[in-house]
Structure formats: C-alpha cells, structure tokens
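2 protein chains.
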Amino acid sequence: MNEPTTACVLIIGNEILSGRTQDKNIQFLARELNEAGIRLLEVRVIPDVRDTIVATLNEVRPKYDYVFTTGGIGPTHDDITTECVAAAFGLETYIDQRAVDAMRARRPEMEMNPARLRMATFPLGAELIANPVSAAPGYRIGNVYVLAGIPVVMQAMFDSMKHLLRGGAPVRSRAIRISLGEGTIAQGLAEVQARYPDVDIGSYPSARGGRLGVSLVFRATDTARIDPAVDEVKALVRALGDEPEDEKLDAESAG
Amino acid sequence: MNEPTTACVLIIGNEILSGRTQDKNIQFLARELNEAGIRLLEVRVIPDVRDTIVATLNEVRPKYDYVFTTGGIGPTHDDITTECVAAAFGLETYIDQRAVDAMRARRPEMEMNPARLRMATFPLGAELIANPVSAAPGYRIGNVYVLAGIPVVMQAMFDSMKHLLRGGAPVRSRAIRISLGEGTIAQGLAEVQARYPDVDIGSYPSARGGRLGVSLVFRATDTARIDPAVDEVKALVRALGDEPEDEKLDAESAG
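The listed protein sequences derive, respectively, from chains W and H. Taking our numbering as reference, the numbering of the first sequence is continuous, increasing by one, and the terminal residue is 406. Taking our numbering as reference, the numbering of the second sequence is continuous, increasing by one, and the terminal residue is 406.
It should be emphasised that the hints constitute simulated quantities derived from the structure, not laboratory data. What you are looking at is a predicted structure, and each value in this text was computed from that prediction instead of being measured. Take the hints with a grain of salt, since some may be wrong.
Identical chains blur together in the list; that is why a pair holds if it fits in one copy or across any two.
[To be verified] Pairs of lysine to any residue residues, derived as SDA-like cross-links and limited to a Cα-Cα distance of at most 20 Å, are as follows:
#, residue 1, residue 2
1, 385, 291
2, 175, 313
3, 175, 319
4, 175, 195
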C-alpha cells in the first residue's frame, strides 16, 4: 500500500483564539479532505502574528503533502497572511491584473485603493484560486493553499480548486449506536480492534435527544474490512444484552 | 508590564480530524481563558496517535504557562491520553482510590472492570479535577490540565478548577459594526492602529441577517486605551458617510 496523502490546516486568526468566533472551517475541510482521500493529520489555530505564521508555515509545509490556510487575506492591517507566506517561501510579491479585473468586474464602482490592491497581491509564482463569492482570489504556492477565513468564501474557494487535489483511497466509515456504557463494551471492543488493525475503531459517548449512548465508528480505506469488524462488534453488543442500531454518519454531533 | 500568562489547547481526537464531530471545546476554553487573563496563543488538533501526542505535549509544555488537553480519557482502546501524558513526563501511573470511589458512588451497580479502572488511572503526582457530570475525574500534572472531550463534561471539569488558574489582567474588548466595506476603511483604520499599538484592532466582515457588514473589535488589557481608539474610528466611519453601531460581543458569529 502507498503512503497516505496527508494534510495540515492552519486557522489564522485572533478571533478564534479570543473565543469571539466559533470556528466553522475545520469540519468543512476535514470532511472534504477525507472525501478526497487526503488524511488531515493536524490543525493549528494561530494568531495574526508574523513570526508565528512564518515559522509555523515553514514547520508544517515539509511535513505534509498539503497545507491549507484560512484567514488573513482581506484588505485591513490585520490581514498579514500573504506577506507571511511570501516571507516563508522567500518570495517577492506582485499585483495580479487578473485579480484586479475580477474585483472590478464584481463591483465596478469600487475604488482600487492601496488597501484593496493588497487583496490582488500574491507571492510570485502563485496560482490563483477563483472566488465566486466575493471575487478576491485565494491562491496556491508550492503545497500551500491560501484560503479566506469567512466560511462561505473559504468553501467557494475550496470548491474552485478541489478537483486539483490528488489523494489516495478515501477513508470509508460505518457507525453503530449502542446503549451500553463504554466501560461495558471496552474489553470486547479492544479485542475486535486487535483483530482488525487496518480498521480504525473509535468510541464516542454522547447524549442524543436526552438519551445517553455510544457511537462506534469503523474507518478504513477498504470497506471489505469494515463490514466483518462491524458484524463482530454487533454480535458482541447483542451478547451483552443490547441491540445496536446502524447510524447515519452525518447526523453526528458530540455533546 | 509583566509578561502575559499564556496557554495552549490540545484537542486530541480522530473524530475532529475526520470531520465527524464539530469542535465545541475551542471556543469555550478560549473565552474562559481570556476571562481569566490567560492568552490562548495556540490550539492544535491532533489524532489519537501515541507518538504524536507525546511529542506534541513535550513541545508545547515548556513553551506556554498552561496546557489544556481535551479528549482521550475514557475507558476504550482509543483513549490513550493518560498513558501519553505519563510517557511525556516520564512518570508511572497508579489507580486512585478516590476516583474509584467517586465512580462507584455515582453508579453503585457498575462493575469496576479493567476498562473502567483506566478512568481511575493517573500519572503519579497528578492532582485530580472533579467531574460533577460523570464522576471520572480529570487531572493536572505539572502545567498540563487533562480534561474530557465531551463538551458538557469538559466544561464541568474546567469549572471545577478554574479558580486555581493564575492569569494576568484579562483582555477587555469593545466592538462596533459598520456597513462600509473593509477596503474603504482599511487605510484610516491602519492609521488608528498605528497610534494605538497597545490596542489590538481586528476587522471581521460577515453577513448578519442577510446584511453584509464589518465588525471592528478593539482589545486591550487597559480599557482606558480602548475608548479613545473606538472614538477615533467612529469619527472616521462617520467621515466616510456611515453610522457605526455598538455591538454586543456575544452576538458574534462569522459566516
């Protein structure tokens, strides 16, 4: 089997670290990357601080196949992602006329002042990523994809370029819901996990509609391996006096 | 002025990285730490992989005053946080009778099997953190606070111990909402920021009730410095033909 394709997401923004804003980008990117066969192995949330952004970029970009950043590409003084990306790669920046044109086309009355021109500024060699929502593009440079922080814009940018990503086999999953406590099933579950080292079995307790229960999630690239592991755990659950239910994965939320 | 007290949060869990679960712990901890006068400078989301957890713990614990982990302290095979924390500190683990008693008191009918005893297992020298929701405690060892992953349990643990945290002056904030585009205000805003280097001015565009606008957030430990910066920006906004509105910070959500 080939090495899995990996990714890291950098959420750049004081507003997440101050608690002012609830992050909505991690889950979107996690799901999309999973679907593209790319393993998201790390997320970092870091502040709008130049040295931190540059050092983090240079730490993670050799470690992962893909790095995605969100945030910090607007026109205001606290939008410093592009200058940091350029510094991390040791590149000059330039104003891209295609970006200027896209912004003008969207809002012809808008004055392209120096602040707005910052949104048309990119590290030399960047490949632009279309922004169908608000025109100012994202970009790729090396293995770093620079996306907006506003979820609706970030998602539109991701959709613009996701066909370019090259992942491996996507991780597939099945899940069952049980009423048994985790402590009751843990021993038997560990034994099944030991017999299926290529299936990642996760156990997640939560309340749903006021009812406590545990979701058992089985993940693997090879669905043919998932099914027998699920069957063994279902038999175990029944032997312990409970009836497992198949679970829709998208219905999930912890807490 | 003293150096600010700093923190890092480690979210341990495959379920966040796979996109299965929407994180709800970052924002809670961010707000609480901010209120306690502790600057949350970094969040990392990492998988349930022993080497990664141990290496990350040992990287961040000398870098920050406080480290908070969430997740991985249940009874199942994928709950490996405690063994990783012990390994990171080079400590043996032990079973704490007080934790066993607390778990028994909550569910007297429960068999304390080896899986459940893992939830009463701690690195030697740990200080237990009460869990009023589901009994099995969290703990502190050195500057690392080990909390549950389920938000309601994590929050209860945090509430149990937050009086022990020693922060500096909390960061205070004010925010105003404007209808001008970021690109229109950016230049003037940067000039105000330059005059108030001790006030962190952030600019966050978002749609609210279908109306686009920008929230300008002013943050500083010294409220006496925030007010004149807000006044200057309000004057700037009015000069540009818009009427700024004071904003309740808690009403915020990006996107």
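Evaluated hints:
{"no.": "1", "hint": "385 / 291", "in the structure": "neither (45 Å within a copy, 37 Å between copies)"}
{"no.": "2", "hint": "175 / 313", "in the structure": "within (18 Å within a copy, 27 Å between copies)"}
{"no.": "3", "hint": "175 / 319", "in the structure": "neither (25 Å within a copy, 30 Å between copies)"}
{"no.": "4", "hint": "175 / 195", "in the structure": "both (14 Å within a copy, 15 Å between copies)"}
The structure shown violates the earlier hints numbered 1 and 3.
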